[in-house]
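Construct all of the structure, not just a fragment, from the sequences and the given hints.
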Amino acid sequence: MYIYPAIDLFEGKAVRLYKGDYSKMTVYGDDPAAIARDFVSLGATHVHIVDLEGARGGSTPNFDVIREIKHSCGLFCETGGGVRSLDTVEAYLSAGLDRVILGTTAVKDGELLAIAAREYGSRIAVGADIRDGLISVNGWTESSGIDAFEFCGRMCALGIGTLICTDISRDGAMQGPNVSLYRRLSRELPANIIASGGVSSIDDVRQLAAVNIHGAIIGKAYYTGAVNLKEAVEVAK
Numbered sequence: 128m129y130i131y132p133a134i135d136l137f138e139g140k141a142v143r144l145y146k147g148d149y150s151k152m153t154v155y156g157d158d159p160a161a162i163a164r165d166f167v168s169l170g171a172t173h174v175h176i177v178d179l180e181g182a183r184g185g186s187t188p189n190f191d192v193i194r195e196i197k198h199s200c201g202l203f204c205e206t207g208g209g210v211r212s213l214d215t216v217e218a219y220l221s222a223g224l225d226r227v228i229l230g231t232t233a234v235k236d237g238e239l240l241a242i243a244a245r246e247y248g249s250r251i252a253v254g255a256d257i258r259d260g261l262i263s264v265n266g267w268t269e270s271s272g273i274d275a276f277e278f279c280g281r282m283c284a285l286g287i288g289t290l291i292c293t294d295i296s297r298d299g300a301m302q303g304p305n306v307s308l309y310r311r312l313s314r315e316l317p318a319n320i321i322a323s324g325g326v327s328s329i330d331d332v333r334q335l336a337a338v339n340i341h342g343a344i345i346g347k348a349y350y351t352g353a354v355n356l357k358e359a360v361e362v363a364k
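Going by the working numbering, the letters in the sequence shown line up with residues 128 to 364, in that order.
Because the hints were derived from the structure by calculation, they are not lab data. Be aware that one or more of the hints could be misleading.
Straight line, CA to CA, 27 Å or less: simulated BS3-like cross-link-like pairs of lysine-lysine [said to hold, decoys possible]:
| id | residue 1 | residue 2 |
| --- | --- | --- |
| 1 | Lys-357 | Lys-146 |
| 2 | Lys-140 | Lys-357 |
| 3 | Lys-151 | Lys-140 |
| 4 | Lys-235 | Lys-357 |
See below:
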């Protein structure tokens, strides 16, 4: 299992939200590229980057910051938030990003998703943001009303090979991940599952590694010091 330390961006700064609530935002640094370089020194190989402004508004205001992060650290970088067109997908890939995550677009624009999956293959992932068993959109601010497992199954049928599945109720809450959710996803779906939300201890990392998923995202736990990233990378192996 790979560890994906996360950098969530708002107005060029590294921040975290509590359960997806933009009114409960904590700023952890004003130099995201330096944070990514710290990831390198701690043995990370992958980085998960989200443009929170873009996710909510459908644009890419942190594009230059994201490009700088990639060029500064040289790690495998996936990014999402505000990706609403093929032009944006191409812009990120051309800027050197390794994988682009479609969230709201995957729910609302099936044609664009199908084209992206066909043209870019494994460089496209889909974010399944789950609240109360349903998929949320627009930066987690709205429910789509679509059942999460139905949605994930449909993504696999389209050829999407990587699903980033976030339990919104656990995100930033330091309450542990929804291990049963990820176990079921791993068993039922022919895709690489990346768990997001709730990792708050090394034991959480061990539990996720045991359910045979591709990766786990660590956000707030890294920034607060609750999880030692170097240790997490080793445990995940």
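Structure-inconsistent hints, enumerated in ascending order = 4
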